[in-house]
Structures are given as structure tokens and as C-alpha cells.
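For the record, the sequence lines run as chains P and L.
Terminal number for the first sequence in this note's numbering: 423, no gaps in between.
Terminal number for the second sequence in this note's numbering: 286, no gaps in between.
Hint data in this document are derived by calculation from the structure and do not stem from the laboratory.
Here a beta-carbon is modelled for each residue, glycine too, at the ideal position from N, C-alpha and C.
Warning: the hint list may mix true and false statements.
With a straight-line cut-off of 25 Å between C-alpha atoms, the simulated DSS-like cross-links for lysine-lysine are [stated by the list, open to error]:
(1) P:263 - P:190
(2) P:202 - L:55
(3) P:409 - P:202
(4) L:142 - P:190
(5) P:202 - L:72
(6) L:142 - P:386
(7) P:131 - P:60
(8) P:247 - P:315
(9) L:60 - P:409
(10) P:409 - P:263
(11) P:307 - P:317
(12) P:307 - P:324
(13) P:317 - P:301
(14) L:60 - L:72
(15) P:320 - P:301
(16) P:370 - P:317
(17) P:209 - L:72
(18) P:247 - P:202
(19) P:202 - L:60
(20) P:315 - P:301
(21) P:324 - P:280
(22) P:247 - P:402
(23) L:72 - P:60
(24) L:55 - L:72
Covered stretches of chain P, going by a simulated chain L footprint (3 or more residues, C-beta under 8 Å) [said to hold, decoys possible]:
(25) 190 to 200
(26) 215 to 224
(27) 329 to 338
(28) 346 to 358
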Amino acid sequence: MTGALLPIRPSHNLRTVFLAASACLVMNLSGCSKPPPKEQASPEPRPVPPVFSMGQPNAKVRIDAFYPLDKEHAWVLDWLHEAGRNYGEKVNIRAYDIGTEPGRREWHRRGMLCGGLLVNDKSCFTVGGRKITLLRDPNTAGWTREHFVTVLASEVHRAYGQTKELLDTKSPVTSAQGPAPNRQAKAGGKSLFMFCGAGLRKPIEALRKAFEAEYGIPVRVCYAGSACLLAQIEITRRGDLYLPGEKFYIHQATERGYVAASKTVCHFIPVIMVRNGNPKGIHSLADLAQPGIRVGLGEAKSCAVGKTTAELLRKHKLEKSVGKNVVVYMGTAPELGNALKLGSIDAAINWDAVAAWYEDACDVVTLPRKRNVIVECPLGVLTFSKANRMSMEFLNFAAGEKGRQLFRKENYTVDLSRPIYPE
Amino acid sequence: MSSNQETNTMHAGEGRDLFFRALLFSLLFAYVGFILAVLCADVLWLGRHDPGTGKSYLYKLATDVEVWEETKAAFWLSVVSAFVTSILALIVAVPAAYALSRFRLPFAKVIDTLIDLPIVIPPLIAGISLLVFFNQTALGVKLNDLLDVVYTRRGIVVAQFFVASAFCIRALKATFDQINPRFEMVARSLGCGPFRAFWSVSMPLAKTGLMAGWIMTWARAMGEFAPIMVFAGATPFHTAVLPVTAFLNLSSGHIEAAVGVTVLMIVLAGLTLSIFKKLGGQGYLW
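Just chain L, with the same shape it has in the complex (with noise of 0.2 Å):
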């Protein structure tokens, strides 16, 4: 009797267990085949046959000369405004999350704050702040008579710098909390200077973390969009970043032109996230 009780209390436990399980993964898995099914969506429709033409939308993307010249140059000038604002980013960060990670601040809490309000506020708005500080403040004015940033390349800088200096400073502060600083005191008490301590100790224990935070920050400056639309204008050729192009194609009815920028982003998203994967980035990025 004691026995058969037990079998049956395993096959409940097992079955419950299956059930759980079951209900786990076919949420996950719904979950990601619908990410799947939305990517490749882009793509299928892409292969589609024109109506008017009886071409493929695909076709009629890849033998479009201004499309491709007018995507060329922004995925440039992506590439090279991204790339230079997450130097300038790292430049910010790294002290940043440094002093952030290993000193108790007086208003810790207010200055971490701080530093998630750009992530967290919806980006037009950074845009249209943005736009405020550097025409309505004396301070402002000041600086763009300096920089000439209002509608120009430099912005473009200026306002992914705005948003992704945020995620980079949240990034290196996840690695560097990491870090032991027991490594350092060590340093301390064999004789090396903080500056030195930092530099040969932390920073190399840093190494794949700053790689990961630095390539996550480019990402962010490639995929930012509505304020630079606001802050550098929508210019082809000129501010028209990928994201813009594709709003700039969405705006004139180009929907092939549009979605065929959507896919290039979101290839580009994979691979650097593959990276970042692979340089065991950390998952708390904001």
C-alpha cells in the first residue's frame, strides 16, 4: 500500500514537472519564433512580386541606383559617427564607471539616476532637449558658436553621445563592480599609485568588459534615430543616418527602400551582438 502510494506521488511529481517544463519552453520558444517570424518577415516580403512590374521588391531595391547611393552614404556615415561617438563615449565612461564603482558618492542615488534618464526618456524628447540647450541657453549658444553642432554632422555626435554615453557609463560599471578590488589594494600596499593601480590592474581585468561595453555603445549610436532627426535634421547625404534614411523612404512612399535598410540594421544588430555575446558581455546594460 506505502509502496503503490510512492509510485504514484513520483508519477504526479513527474508529471507536474513535464507540465512545468512544457509550459516554460513553449512560452520561450513561442516568444523567439516570434522575434524569428518578424525578421524574416522583412526578408519574404522583400521576395515578393511587384504588381506593377512583376518584378521582385528585392530586384527592384538592388537595381536602384539612387537607393543604393543614398543607402551607401548613410550607412557610412553611421558607421563613422558611431564609431566616433562611442571613443568619446569610452573617454566619459570609463572614469565614470570607475568612480562610480569604487567611491561611496555623496547623492549616489540621484547621480545614478541621472545617468539612466537618458535611456529612459522617450528619445524625441532628448532630441527636442537637445535642440532647447544649444539655441535657447546662453551656455548653449555659447558652445554651438564653438562647435556648430545645430543641425550639422557633428549633431549627429552629439546627440547619439547624449544617449549612448548612458549605456556605455552603465555597461563598464557592471564590469568594473565585478572586478575585485582586492586586486588593487594589493597593487596599493606592494607600492603602485592609484593612477597606477588603475591602469595595470583594473583596466586589464577590464579588458573583454570595456570591448563588450564599447561595441554595445556603437551599436546604440548606429541604431539611434528621432533625435537625431530633431538635433542634426533629416538631410540625405548629409545627417541622414541609416535609421533617418529609412524614416526618409518610409515619408516618400520608397516602403521596398525602407525595409531594405530595416534588414541591413538588423543584420548588423545580429553581428554585434554576436560579438558582444562572444566577449561574455553582461546582460545588465541598463
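Bound-form chain P, shown alone (with noise of 0.2 Å):
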């Protein structure tokens, strides 16, 4: 993949950010200014207006300028009124003299100690194979105005354009959001690795492109029913994270000794999914058992809502007469729906969350909950993580505010006193 570009975040440099660090206390190179008094920089810090801007705000490439902004750096604003004119409202260009006061302050703030370019929070890249550095002065520091044409061509391609090598490049999401996209994104690697059941696809893909945006750590799902991957976990001995559809497999998981950690994300409350205006009248378990009414359940061996409807069926001693009714058994909480959306049953018992993927096409009927039977949906860090610290934070972020958030964003019940069907 060379001439490809991947930014990495300075943080994740050090050795590059060190260098330059003490090529500017050191050497005192023309653009590197030394760092403030530390007693200068406040304790809050607010933002500074820069003293010159272009572009449009809410755009999603940004490039701000640290330079102190006389005679000698008149090319700064050159090329920043060139990449303006040429990219349009796809940029938002910001210049800080350095030179001065208020420049200075968010200089500091932005915890840099040499002249340099940003481009989305970044300053080194890899042009063509060969890593670079935005920082100090082009001509003596190793790179040029070519080098920061094609930084910002492939940044405002990576936010706005399509794939362009869909072998090399991931989701145009995933880029468009900035972390260092990782092509040896191996289970186990410097990204993480994830087997997810595949009903929980939605919130998950969502909650992935969150953390790669905060922590720029990029998070590989892999989606399929909850016991293959459980299979596929126990052959592989590989991976970071597991969500199954239920607690039970986590419980399966761990009893084998290959979870380490886990935290509950979701809960799955069980309701009715019937037909559009729910033409067959049904209103709770027990008229799922009147004659003439096709139901389709959960295969309760092979899927966590078929075990659960089997456990309710029998909570409420229904298991013989609703068995009658049923046509079907099915392998996934998902093809249920599908089944009912596609008119071959009439009725059937589903989380709500994957009801809720159906509102288009069925009415749902709630049970009381009292007489319920609520499951949990525990994610966990598997014991073979090579990135413990990092599956960790991902485990918090996802049971945390945030993750929360977006769960009940696609219709999950993350708190059981707001089910997302109120009785």
C-alpha cells in the first residue's frame, strides 16, 4: 500500500513527537519559538480566536496553523489561502501567530512546542511510505508543500470522497473519523477484535465508530449467531471482546475460562410481535394457544430467545396448549420477524428490540412484568486479549454514559425502569 497515507496521531508517536521536541529546545530552528513560562499558561484555558480563518466551521477536515506569522513565514498563508480556494467549504482553516500573546496561549494549549501544521488534529503522516512531520520549517525539517498538498488531499478524500481501494481501505465512516486506520489490524494487534451476536449489529456498529472517533483505537466486529461464535472463540483462542445475544453464553464462555471481565450493556425484554393492526386479536400468551393462529418461536437450543420463550411458556404453563399452534421453530430472534414480516406465521414471541426492527410491518403486544422472564446481555473481555487495557476501556465505554446512549438510541432497553415497549 504505498503512497497510501496513514496519520498517527502524535501521541501515538512519542519517538517522532520527542524528536521534535528536543529539535526545538535544542537546535532553536527557524518556525520553533521556544515553549512559554509555564505560569503563563492559565489554568482554564479558552479558546483563542485565530488571527486568520477560512472555510467553513462545521467542515470535517480542519487545519490549523502554529507559526509566528512575519516576514519569514509569509508562505504559511499562502498555502493555507491555496488549500482555502481549492477545497472550498470541505475545510475549516485556522492560522495562530505564534509571535504573539494570544497565539501563543493556544499554542501551549494545544500542547505543542514547535511551528507546525495540523491537519485534523495530526502533524505526522505517511507520504508514499516515508513517515512525516508537520512541524517546524519545511525546508530544513524533511518535508514540503507537495508532502502537505497530498496530506490534505487524501484527508478531504478520506472525509468526503468514496473508497478509493476497497481491498486497502476501510468503511468510508471509519476513515472519514480520523483514527489511524490500521491495516495490520490482526485479533489481538494494535486494534481490537470483536465477536458481536448479530442482532445487536446496529448499536454496535454505531458504538465501534464512537470509540474508534475518542480513542482512535479501530474495532473489528465479527457478526454471526451467538453459539458459532462461541464455537469459533473456542477453535480460534483468539480475539478481544464477546457480546453474545445473552448471559448464557457469557456463562458458557466463562466457565471455559475465557472470559475475563464482563459488564451488562442491554437487557432483552421478551414480547408479541403479530400482524400490522393485529388482525387475529391477540392480547397476551394465553390467545396465542386459540386455534386457527400460526405461531413461530425460538428453537430453544440454538437461540437465547427461543430458551427464554421456552422458560416463559412454561412459567405460565403454557408450553402444551401454545405448542400446538406452532409451525415454526426458528434458529435467530431476527428471522422471526422476517418470518412474520413475509406473512408466513401470524404471531411471534421476540425481544422487544428486534420487534422493534420490525414497526414497520407488525404491532407488538407486551407481557406483564411481573410474570416476564427479562434477560441480560453482559459484553465480555475475552482472557487471550493481547490488549487488555484497551478491550477494558472498551467494556466501560460501552456499559458507560455513552454507550448507554446509543443503545437506547436504536431501540435496546438499557434500563429496565424505560423499556423501550412501556407495559
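Using the hints, put the two chains back together into the complex; each one sits in its own frame.
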């Protein structure tokens, strides 16, 4: 993948930053001013208005320039002007004069020690296989205007364009958020690898993107049925995280010594899904036993919803009478929704979150909380994880406020006091 | 009396003939009609109106940027990975098929059976077997360290290769079987070495058969699903090829997207099959 760009966050490339910083301090090259004395940094830094700005404030590509904007550095504004002309509303350009006090304050607030250009808060990039750092004076620090232009073009392309090489780039959305796209994204490498129940795809995709944007760690998610994933984990003994559709699988994985830690990320509440407008007049579990109703249930051995449904029917002593009406046992929860939408059954017992996907084609009948069987859905960190700290970070992120918000947004019950389908 | 009898039997014979043909054709057309009806159902369903929004499912599908992006990525991934697989399969299959066709091998039956195995075993089992091999055996683990195939894009090619190569060998063996070995023998008698006889006599004769086998292998690799899901993982935008994308959409309630991908795959399969037939590919593929 020569010629492609791999932006690296400064903090991820400590050696480069250290070198750049020490070069600034020791050699005092042109374009590099000494960092301001510590007492000048205000305890609560406020954003400082730039001396020069161009483009749209909400653009996806941001360029910040920190240089003493004197005669010697006239090139800075030239370059920025050109970038602004070329990309218009796609960029947000700001330049700070670090020769002045306000500029110096912002400069220090951003944690910089020498002059430089930041593109989307990054200064280290790989252009054509060579690492460059857009810091200090281009002529002496080993980078040129062409490098800057290439980096900028790539960032704009990443944020607005389509994926160029499908086999080599990740999803356009992920790239738009800018974390280092790690091509060596191996299970257990510098990225996280997650096994996730296919039914949890929507919130997990959102969560993954949010996590990547915040931590800059790519997360690769492999989706399949919970039981199938457990088998994959068992055979391959790799990966960092496991999110099955139900606690049961986490228990199994824990018993086999695969799970180091786990936290509940959402709850699943069984509901009855019926056709639009409820033509068969189903209002309770007992109604499912009425003659002539074609019921679909989950298969008890192969999926969580089936196991829970069996438990629920046993609890209501309806397993035999409803069992007579069952025309199909399905292997996964979404298949029940699909069957209902395509019209091959009249009613199904399914998770509330899954029922919510089919809102256009189905109605939902809730069950009384006291006599229902509600299950937890925990995310586990695997013991094979080579990135234990990162995995824990993800676990806390998913179970924390941000994760809860994302799950709620995708119609998953996070808080049992606020189910998505109130009784 | 005798002439009368003759006309009677003739009539009876014609009637039976007609009945026989009618039976044959009605069953043939019934089955063809069944296939067509199933294919058309997908398209018709996409044209139906979604009760929620009042727009057709097709409209919903066409305006969903996320589905569009994902399908596009999956499409190219499928096309490219199947292409790589088919080339690799050809490299193995040409000599293998030639050997099977021209020489009497010891344990020929056993080898023949083994080559048919990847075609016959359930695809899911093939995926699990690959996973076990590359993770639980010393040789597999070494290979995986070298090639990095488990849960990666290279894994897609490995999974496809495992199954599609068998198809390729079958198709090419049928081709080589049809070429009279006499041509080669004549070439040998005129001073050609075995390699040259193979390269400049048999290969040109097998050209269309090779093309047909190659296209069929490509189509077969395109359609591979279960082994890829288990062995390479179902990660959207990374290892999700077209059939895996259909599965992922189905398992997150996006039926219209799944059906859309299905229609795309049917069209692709139809196209490749017609190219295959045009090139005179053999019916005996496995």
C-alpha cells in the first residue's frame, strides 16, 4: 500500500514527537519558538480566536497552523489560502500567530512545542511509505509543500470522497473519523477484535464508530449467531471481546475460562409480535393458544430467544397449548421477524429490540413485567486478549453513559425502568 | 379388416406419443416456471409498498446510502476475491486435471473421491475444518503465522479456494478428457517434448474449456458463504462478501437489503452461466 497515507496521532508516535520537541528546544530552528513559561498558561484555557481563518466552521477537515506569522513565514498564509481556494467548504482553516501572546496561549493549550501544521489534529503522516511530520520549517525539517498538499487531499478524500481502493481501505465512515487506519488490524494486534451476536449489529456499529473516534483504536467486529461465535472462540482462541445475545453464552464462556470480565450493556424483554393492526386479536400469551393462530417461536437449543420463550411458556403453563399452534421453530430472533413480515406466521414471541426493527410491518403486544422472563446481555473481555487495557476501556465505554445512549437510540432497553415498549 | 386395424394402432401410437411428450414437456415447463416464479418473486416483492412509509421497498433500498455503500464494498470484494481465487485455482487445476485425465494414477478412485469431497461436504463444515486446521494443528498455525489468514481478507480467498478448486479440476478434467491424446502423441512422434506437446497442442485445444471452467470457478467462488463466514468472519466492509452481506442484513431485520443483494447475485449468476454456455462449457461440473 505504498503511496497511501497513514496518519498517526502525535501521542501514538512518541518517538517522533520527542525528536521534534528536542530538536525545537536544542537547536532552536527557524519557525520554532521556545515554549512559553509555565506560569503563563492559564489554569482554565479558553479557545483563542485565530488571526486568520477560512472555510466552513463545521467542515470535516480542519487545518490549524501555528507559526510566527512574520515575513519569514509568509509561505504559511500562502499555502493556507491555496488550500482554502481548492477545497472551499470542505475545510476549516485557522492560523495562530505564535509570535503574539494569544496565539502562544492557544499553541501551548494544544500541547505543541514547536511551530507546525495540524491536519485534523494530527501532524504525523506517512506519505508514499515515508513518515513525515508537519512540524517546524519545511525546508529544514524534511517535508515540502507537496507533502502538505498530498496529506490534505487524502484527508479531504477520506472525509468526503468514496473509498478509493476497496481492498485496502476501511469503511468510508470509519476513515472519516480519522483514527489511524491500522491495516495490520489483527485479532489481538493494535486494534480490537470483537465477536458479536448478529442481532446487535446496529448499536455495535454505532458504538464502534464512537469508540474509534474517541480513542483512535480501530475495532473490527465479526458478526454471527452467538453459539457459532462461541465455537469460533473455542477453536481460534483469539480476539478481545465477546458480546453474545444473552448471559447464558457468557456463562458458558466463563466456565471454559475464556472471559476475564463482563458487564451488562442492555436488556432483552420478550414481547409478542403480531401482524399490523393485530387482525387475530392477540392480547396475551394465552391468546396464542387459540385455534387457528400460526405461531413462530425460537428454537430452544440454538438461540437465546428460544430458550427464554420455553422458560416463559413453562412459567405460564402454556407450553403444551401454545405448542400445538407452533408452525415453525427458528434458529435466530430476526428470522422470526422476517417470517412475520413476509407473512408466513401470525404471531411470534421475540425480543423487544428485535420487534422494534419491524415496526413498519408488525405491532407489539407487551407482557406483564412480573410474569415475564427478562434477560441481560453482557459484553465480555476475553482472556486471550493481548490488548487487555484497551478491551477494558471498550467495555467501560459500552457500559458507560455514551454506550447506553447509543443503545437507547437504536431502541434497545438499557434501563429496566424505561423499556422501549412500556406495558 | 387388416388395413382398419393398422390405422387403429397408428392412432393409438400417435396418441401415446403425444401423451408421452405432453407429460415430459409439462413437467419440464412446470419446473422452469417454478424457477422463474421464485426469481420473479424477489423482484416483485421489492416493488411492493412498505405499509410504514407508503414507498416501495425498492425506493427505500435505492435511497439508503448505508446499504448502498455496504453493498458496493461487498460487490467489489466479492469480484476481486473470486478473481484471485479463480486464478489460484487454475494454477492448481490445470496440471491436476491434466494428470487425472492422461495418466493412470495409483489410488485413482481415492484421489477422485477426495477431490469431490470439498464439493459434497456441507459448506459450514468446510469452514469449521479450515478453522480447526489453521488454529489447532502445528502446520496450520505455522502457515497462519506466515500468511495471516484467520479472520482476514486472505481468509476469504483460502475458503473460496478450498471449495472452488475442486470445481475447477472437475471442469478442466472434463475438457481434457474430450481432447484426443492422439494429437499429443503425433506431436511427440514429431519430436516435441512432453511439456511442449502439452503447452502447444493440448492447451490451445482446451482453450474454450479452460475459459468456461475458469468462469464457473469464479462464479462458484462468488457464491461461497458459510466457510467465509466462519473462517474469515463476517465483518462489514472488511470480510463481508455479497452472500455474507445478505446474511448480515437478514439478521438485522433489513429484508429489503437482503433481497436486493439476492437479486444482484441472481443477475450475476445468470450472466456468468450464459457466458459459460456460450463458451461451450460442459454440463458435467461435479
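We went through each hint and held it up to the structure:
Pair hint residue 263 (chain P) plus residue 190 (chain P) holds up; C-alpha atoms about 23 Å apart against a cutoff of 25 Å. Only pairs whose Cα atoms come within 25 Å are accepted, and residue 202 (chain P) paired with residue 55 (chain L) is accepted, the gap being roughly 23 Å. Proposed proximity of residue 409 (chain P) and residue 202 (chain P) is supported: the alpha carbons are some 10 Å apart, at most 25 Å. Proximity of residue 142 (chain L) to residue 190 (chain P) is assessed by CA-CA distance (about 21 Å); at most 25 Å being required, the pair is judged to hold.
Restraint check for residue 202 (chain P) and residue 72 (chain L): satisfied, since their Cα atoms lie roughly 19 Å apart, inside the 25 Å limit. With a CA separation close to 19 Å, the supplied pair residue 142 (chain L) and residue 386 (chain P) stays within the 25 Å bound. Annotation: proposed proximity of residue 131 (chain P) to residue 60 (chain P) holds, straight-line Cα distance about 23 Å (limit 25 Å). For the hint linking residue 247 (chain P) to residue 315 (chain P), the alpha-carbon distance of about 19 Å falls within 25 Å, and the restraint holds.
The suggested pairing of residue 60 (chain L) with residue 409 (chain P) holds, with an alpha-carbon distance near 21 Å, which does not exceed 25 Å. Note on residue 409 (chain P) and residue 263 (chain P): the hinted pairing holds, with a Cα-Cα distance of about 19 Å set against a maximum of 25 Å. Straight-line distance between C-alpha atoms of residue 307 (chain P) and residue 317 (chain P) comes to about 15 Å, which keeps the hinted pair within the 25 Å bound. Restraint check for residue 307 (chain P) and residue 324 (chain P): the C-alpha separation of about 18 Å stays at or below 25 Å, so the hint holds.
A threshold of 25 Å between alpha carbons decides the hint, and for residue 317 (chain P) with residue 301 (chain P) the separation of about 20 Å falls inside it, so the pair holds. Restraint check for residue 60 (chain L) and residue 72 (chain L): satisfied, since their Cα atoms lie roughly 16 Å apart, inside the 25 Å limit. Of the pairs offered as hints, the one joining residue 320 (chain P) and residue 301 (chain P) holds, with about 18 Å between alpha carbons and a cut-off of 25 Å not exceeded. With a C-alpha separation of about 15 Å, the suggested pairing of residue 370 (chain P) with residue 317 (chain P) holds against the 25 Å cut-off.
Using a Cα cut-off of 25 Å, the hinted pair residue 209 (chain P) and residue 72 (chain L) holds, with the two alpha carbons roughly 20 Å apart. At roughly 19 Å between alpha-carbon atoms, residue 247 (chain P) and residue 202 (chain P) fall within 25 Å of each other, so this suggested pair holds. The straight-line distance between the Cα atoms of residue 202 (chain P) and residue 60 (chain L) is roughly 18 Å, inside the 25 Å bound, and the hint therefore holds. Distance hint between residue 315 (chain P) and residue 301 (chain P) is fulfilled; the C-alpha atoms sit about 18 Å from each other, no more than 25 Å.
Distance restraint check for residue 324 (chain P) and residue 280 (chain P): the Cα-Cα separation of roughly 17 Å lies within the 25 Å cut-off, and the hinted pair is therefore satisfied. For the hint pairing residue 247 (chain P) with residue 402 (chain P), the CA-to-CA distance comes to about 22 Å; that is within 25 Å, so the pair holds. With a C-alpha separation of about 23 Å, the suggested pair residue 72 (chain L) and residue 60 (chain P) falls inside the 25 Å cut-off, and the hint holds. Taken as a hint, the residue 55 (chain L) and residue 72 (chain L) pair is honoured in the structure, with Cα atoms around 23 Å apart against an allowance of 25 Å.
Counting residues of the region 190 to 200 of chain P whose C-beta sits closer than 8 Å to any C-beta of chain L gives 3, which meets the bar of three, so the coverage hint holds. Using a Cβ-Cβ cut-off of 8 Å, 5 residues of the region 215 to 224 of chain P lie near chain L, which meets the minimum of three, so the contact claim holds. Taking a C-beta to C-beta cut-off of 8 Å, the region 329 to 338 of chain P contributes 5 residues in contact with chain L, enough for the three needed, and the coverage statement holds. Figure legend: the region 346 to 358 of chain P, annotated as covered by chain L; annotation consistent (3 residues with Cβ-Cβ distances under 8 Å, at least 3 required).
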